[in-house]
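Chemist: Chain residues, written in single-letter form:
Protein chains: 2
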Amino acid sequence: MDTKSSKNILAAFKKQGARIETKARVKLSGKKDFSLWYTPGVGVASLHLAAHPEDARKMSVKKNSVAVISDGSAVLGLGNIGPYGALPVMEGKALIFKAKANVDAWPIVLDTQDPEEIIRVVKAIAPSFGGINLEDIAAPNCFEVEKRLVEELTIPVMHDDQHGTAIVVLAGLLNAAKVVKKNFKNLKIVISGAGAAGTAVAKLLLAAGATDIIVLDRAGTLHTDREDLNVYKKELAMITNPRMITGGLAEAIEKADVFIGVSGKGVLKAEHVASMAPRSIVFAMANPDPEILPDEAKKAGAEVVATGRSDFPNQINNALVFPGIFRGALDKGVSKITEETKLRAARALATLVAKPTAVKIIPDLLDARVVKAVAKAVR
Amino acid sequence: MDTKSSKNILAAFKKQGARIETKARVKLSGKKDFSLWYTPGVGVASLHLAAHPEDARKMSVKKNSVAVISDGSAVLGLGNIGPYGALPVMEGKALIFKAKANVDAWPIVLDTQDPEEIIRVVKAIAPSFGGINLEDIAAPNCFEVEKRLVEELTIPVMHDDQHGTAIVVLAGLLNAAKVVKKNFKNLKIVISGAGAAGTAVAKLLLAAGATDIIVLDRAGTLHTDREDLNVYKKELAMITNPRMITGGLAEAIEKADVFIGVSGKGVLKAEHVASMAPRSIVFAMANPDPEILPDEAKKAGAEVVATGRSDFPNQINNALVFPGIFRGALDKGVSKITEETKLRAARALATLVAKPTAVKIIPDLLDARVVKAVAKAVR
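Heads up: the sequence lines are chains A and B, in that order. Mapping of the first sequence onto this note's numbering: position 343 corresponds to residue 343, and the numbering continues sequentially without gaps. Take any residue in the second sequence, count from 1 to its spot, add 379: that is its number in this note's numbering.
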């Protein structure tokens, strides 16, 4: 982004102030209103919920609210920029939650990056919320934080960088495979990035039937002979890379059908794309600068190219997923977002594109059918 | 409250669901909107706030937001009914914050009652908020929790049960003294209840110039010879009860000018009131059932009677205070609510009643001037 655009954007945020606010859903115009909705009336609701906490989902903010929570340890492509750096993103997600799915989300950024502390804090504040959207928490902490919260809370918890990304990637890839006329299960898939997104994408693609996935971190392909892997990457190495490819991206991508980038700017070179199988698919999703620019990827031979950006075709964006997932979970009182739900959501998203083409593999962010279709997939 | 009213109220809450929601303050109708307010535009705001966290007060929800936080340990007059019991009250306060003062407040009830844990959780979530309204946390924990948070956070923190109550009581008492034509500084004042509210009321009345206050807990008057007092009550005993009255309410209230009840239903008997000095003042603020009913107090000789209820004259209610306090603090970027602020707020409230009478010592909850006057007192 050039300096002038940045200055204009900053000026717009400063002029705007907050991008969301609260709104009263009842009138407080007379004494009667105060007596009903505040004291003494509220005492009746309090006594009821003390005895029947499960009814908070029916008669309080818990009915329709989601906390959008981050520790600021992995914000967009910007890295560990702390809670204040994370705040505009979380507020933006809260805005999208309301605008797209009428979910009342509130941004909560945390002044801690210790996973045990994050778990403790989220558990402590959970009673007021109907769902927890974790966001921009770095791997590997994000795995433990999400796992424990899913186990220990009775409201839905989803780390969007993992599962939102995985769902939208799977949706796009199902349609891209159709465009290039290849069987999804036989695709040779390379994933660049073994963090939160890469890990979840690999697992969901496997669950959807993919059989040949190679994941790379900065040191090269994940495989079971590597001794420098943490427990999460070790697990990933055990379920991926069936041909035990060693080396780096050049080795992994040779004759691959699909490249999925959740890594960084410029990671994918033209010669890499040129070495892929015919009719290749490139999802270059690093934000704001993709692993390769679409034009370059196409020139090097890719048939279907997608990015995370709104100024190119095929925008693979989590915003297609998270509003619908929580809309569905809140409406149906669902307490866990299962693997089955994620697969159904991806298929539902894919199905919205009636005739996929190289420049249209995924519905548009502005497509009003998206939230409904994803919400319907949650059971 | 009779069973039929309770049933109707419960039905209304169930039908209503949430009483507050979020609202978008910007449009998200086209791709341009997404590019500006979400990705990639939001990255500019994030990088800026990472470098200049102080600007979160200008360009995020922090500008206008307050967390209304409770552990549910002392909810209204209902006692320790936990986070779900507290939720309707906190949501009601969030509703009043918006309706009265355009403050974006979100209710957060905590699944812990450990003071160290409460401090830890509130500190962790503080970056997203412009202020912290603590509520319905039992004494003595509330004292330590508030003290530490005031010290350790750079946003205003106020325990409303303490200071909201103290401010509105002082306002009412300044006017009540005028009605009975007594000098405020010479009033003999009895406070029934040595919890959060009683302690703060005693301290603020002293700061306002009162010289003769006796505070009672369930065991009787606080005085320096008692050996069963915790550190907070001991401190209170040292600054009150100059005549070293021992015994119970009967002993304390003899010839007193003022009774302030923040204790429980029926604590004050007609014979107690009859033993007070001529032209006495009774604030019976236990909720929903006061220490004595207004009619009974008047019959026994009280000249000015106030309660916490909206169905009697002179409603002494915190809702006259907290919206304006935080409105003022947010507008002026004030990070501490000082004793001086509380005194100014009380005087400002009192002044709104041009000619105090026995049935009009405090402005009405519906009086639109209240928030502005209190906010103006915050500097």
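You may find that some hints are simply not true.
To be verified - If you anchor each label on the Cβ, the simulated ranges turn out as follows: (1) A:Thr357 with B:Glu495: 56 to 66 Å; (2) B:Lys526 with A:Gly333: 15 to 25 Å; (3) A:His52 with B:Thr533: 38 to 48 Å.
In case anyone wonders, no lab produced these hints; they're calculated from the structure. Quick caveat: nothing in here was measured; it's all calculated off a predicted structure. Even for Gly, the Cβ is constructed at its ideal location relative to N, Cα and C.
Chemist: Compare the structure with each hint and give your call.
Modeler: Verification of the hints:
1. For the hinted restraint 56 to 66 Å between Thr357 of chain A and Glu495 of chain B, the CB-CB distance of approximately 59 Å keeps it satisfied.
2. Take Lys526 of chain B and Gly333 of chain A: their Cβ atoms lie about 40 Å apart, and the range 15 to 25 Å is violated.
3. Between His52 of chain A and Thr533 of chain B the CB atoms are about 39 Å apart, so this pair conforms to the stated range of 38 to 48 Å.
Hint check: a violation occurs at hint 2 only; the rest are consistent with the structure.
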